[in-house]
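Peer 1: We have chain U; now place chain Y onto it with these hints.
Note that the protein sequences, when read in sequence, are chains U and Y. Counting along the first sequence from 1, when you hit position 441 you're at 441 in the numbering used here, and nothing is skipped either side. Counting along the second sequence from 1, when you hit position 41 you're at 525 in the numbering used here, and nothing is skipped either side.
Hints listed in this document are in silico derivations from the structure and should not be mistaken for laboratory results. Check each hint, because a few of them may be wrong.
Derived Cβ-Cβ restraints for the label pairs, each shown as a range [claimed, not checked]:
1. E267/U with R595/Y: 31 to 41 Å
2. M251/U with D605/Y: 46 to 56 Å
3. K269/U with R503/Y: 31 to 41 Å
4. D605/Y with M58/U: 29 to 39 Å
5. R503/Y with L308/U: 51 to 61 Å
6. Q583/Y with V372/U: 25 to 35 Å
7. R503/Y with T247/U: 38 to 48 Å
8. R240/U with G501/Y: 52 to 62 Å
9. P551/Y with V372/U: 26 to 36 Å
10. G499/Y with V372/U: 25 to 35 Å
11. T544/Y with K453/U: 44 to 54 Å
As a list, the in silico PhoX-like pairs of lysine-lysine whose alpha-carbon atoms are at most 20 Å apart [to be verified]:
12. K486/Y with K567/Y
13. K315/U with K269/U
14. K486/Y with K315/U
15. K327/U with K486/Y
16. K87/U with K111/U
17. K60/U with K290/U
18. K532/Y with K269/U
19. K315/U with K290/U
20. K269/U with K60/U
Note that CB positions come from ideal geometry on N, CA and C, so glycine has one too.
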Amino acid sequence: MEPGDAGLGTKGAPRFFCTAGRGLEPFLMREVRERLAATQVEYMSGKVFFITCSNLSMIKNLKSAERVFLLIKKQFPLTASSPSKGKILHEMRRLISDDPGSWLNAISLWKSLLENDAQKEKLSQSISNPLKRKVDENEIVISKKLKVEVQKNEEIQQAFPQVKQVEESALEQGDSNAGRENLQEKELEDEVEEAADAPSPAFTFRVSCRCSGTVAKVFTAQIFIHLNDVYSVLGIPLFRVPLASRTYIQMAGLRSTIAWAMASLAEIKAGALVLDPMCGLGTILLEAAKEWPNVYYVGTDVSDSQLLGAQGNVKAANLQDRIELLKVSVVDLPLPSECVDSIISDIPFGKKFKLGKDITSILQEMERVLRVGGTIVLLLSEDHRRCLQDCGESSVPQIPPGNHPADPEGKENTIPSETESSLGEASKQECLDKMPPFGSLVSVECYKVSLGKTDAFICKYKKSQAARCYLPEPHCVQSSLLAS
Amino acid sequence: MKLLTHNLLTSHVRGVGPRGFPLRLQATEVRINPVEFNPDFVARMIPKVEWAALREAANTLQLGEVPTEPVEGYERDEAFLRKMHHVLLEVDVLEGTLQCPESGRLFPISRGIPNMLLNDDETES
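Same shape as in the complex, but just chain U (with noise of 0.2 Å):
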């Protein structure tokens, strides 16, 4: 990491940078590379940094990040070797007042970059700080200067421990206004003077908390700042709502990033047959139907109101040409055996579904119905996937990984697990899993990803060879009735 990183890469091109919910890193570096034409891409606690020169309406495309952010300044984390308030106060003031011209630099770009966007949005004014819960009752506006108002976390003086990345691990919609109970704030007031060639006078910058309705709107733009132990960042939020919340998505379901991720696994051609026999809401198919649209996509559930749901949802998005529902028991699907290119599907978490069987008969329709070469997406949960693991009888080769990009700055492992996605080498982290009593499918790859409260696994299969039996004949499904 350079210090005193400014928000120029090489020729110009602005820094970016995303958060994205745990376990999807991947997932977004991937996608801004192909998307965006990326360079630089490096991922660090929880964010991804990124050049592009692409504009807004592109950068509004990405699929798989929480939200996204310009980059005015990186640096080095403020040293907790002597933590006494005043010392932090004041490497706080100098993070801020050190360098105007990088501030300048970040919103000369800013306001090109929505100068380009044919759709300016008027962003809010204030500035929220990401540690930051209350709002305060001080604050003071002075116009005609840059003037940045830094609210700061009492914890961090005293303690300066890892910091909670609070607004992707809590994966809400809208502000990053995840809680932190008890936390004490400290005002500092700092005064930025103006480079000769200055911005508009009406510029001016606030922190503040859950700012809106009037207020809100005197000002032009926020500030977001985020201070932990691996670096000190500033930035300024391209977009006022998340991109994960989905114009096009009238009902949520399934978070869509998470369901964006499973259909970028599910190796979707154009003039496939893509099935999800549990589609509930419909947001897996209205992802992959936005992203790949020359296919046609089936829903089934058995829940009247969920597909009536999800009717509602694909004519809101206008897919009703490509989206197609059914009513129909993913157990007993009335599809011949293998016409299916890829499944994709969430399987329902909680009480409502046995372990054991229910999982492994959702398994052998699922291979049943898929040709062979075919692809099997999956959200499990824990118990499911180690349901699956006890399963199976034995452990089968894995398909080796194909060659992902080694990010080159990225070490970093912020969950330790073999069976968890890991960020350095490679960019995904095959199953160790035991082969279930599906004859024929292969677990490809397993990634760890968090759904806020919990955990869950998108686990990837292929089917290499013809099942052993396509109808759950007795023996079949006793020899899979192993786990207890």
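Peer 2: Just chain Y now, kept in the frame of chain U:
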């Protein structure tokens, strides 16, 4: 329900096996939706189509002649592709029934969604 979907569906009543295809279509309400013509997409669907089943369904709905088999070079035959595009994707059965040819079991289509749930005694497993 589009005819492309009907072309995939097979009855899974116990004991019926491959004789559950194709389902006999009967429609009381049909809607024609204009769908943007995408020749590449239609060309890719053609190899998956079961032609006899499609002809039967098209006849039931009085959609005109559907060829028995795609002619060679169909990928470049725009008139053919447009005709198939219309039959497969633009005809939507909103209300009607699908009948298992072997067991006679009726599956209702309501609001464009076929209900193919079986009772416990009807299923294989």
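Peer 1: Hints first: check each against the structure and report whether it holds.
Peer 2: Hints versus structure:
1. For E267/U paired with R595/Y, a C-beta distance near 32 Å keeps the hint of 31 to 41 Å intact.
2. At about 35 Å, the CB distance of M251/U to D605/Y disagrees with the hint of 46 to 56 Å.
3. As the Cβ distance of K269/U to R503/Y is approximately 32 Å, the hint placing it in 31 to 41 Å holds.
4. Separated by about 55 Å at the C-beta atoms, D605/Y and M58/U break the suggested range of 29 to 39 Å.
5. At about 33 Å, the beta-carbon gap between R503/Y and L308/U misses the expected band of 51 to 61 Å.
6. Between Q583/Y and V372/U the C-beta distance comes to about 31 Å, which sits within the given range of 25 to 35 Å.
7. Against the hinted window of 38 to 48 Å, the Cβ-Cβ separation of R503/Y and T247/U comes to about 47 Å, which satisfies the hint.
8. A hinted range of 52 to 62 Å holds for the C-beta pair R240/U and G501/Y, which are about 57 Å apart.
9. Checked against the hint of 26 to 36 Å, the C-beta distance between P551/Y and V372/U comes to roughly 29 Å, which is consistent with it.
10. Range check, G499/Y to V372/U: about 26 Å between beta-carbon atoms, so the 25 to 35 Å window is met.
11. A C-beta distance of roughly 50 Å is found between T544/Y and K453/U, which places it inside the suggested range of 44 to 54 Å.
12. A distance of roughly 14 Å separates the Cα atoms of K486/Y and K567/Y; the hinted pair therefore holds under the 20 Å criterion.
13. The hinted pair formed by K315/U and K269/U fails the criterion: a straight-line CA distance of about 23 Å is larger than 20 Å.
14. Of the pairs offered as hints, the one joining K486/Y and K315/U holds, with about 15 Å between alpha carbons and a cut-off of 20 Å not exceeded.
15. Proximity of K327/U to K486/Y is assessed by CA-CA distance (about 14 Å); at most 20 Å being required, the pair is judged to hold.
16. About 34 Å separates the Cα atoms of K87/U and K111/U, which puts this hinted pair outside 20 Å; it is violated.
17. Simply put, K60/U and K290/U have alpha-carbon atoms about 14 Å apart, close enough for the 20 Å limit, and the pair holds.
18. Taking the CA atoms of K532/Y and K269/U, the gap is about 15 Å. The hint holds against a cut of 20 Å.
19. Distance check on the hinted pair: K315/U and K290/U sit about 13 Å apart at the alpha-carbon level, within 20 Å; holds.
20. Between K269/U and K60/U, the direct Cα distance comes to roughly 23 Å. Violation of the 20 Å bound is thereby established for this hinted pair.
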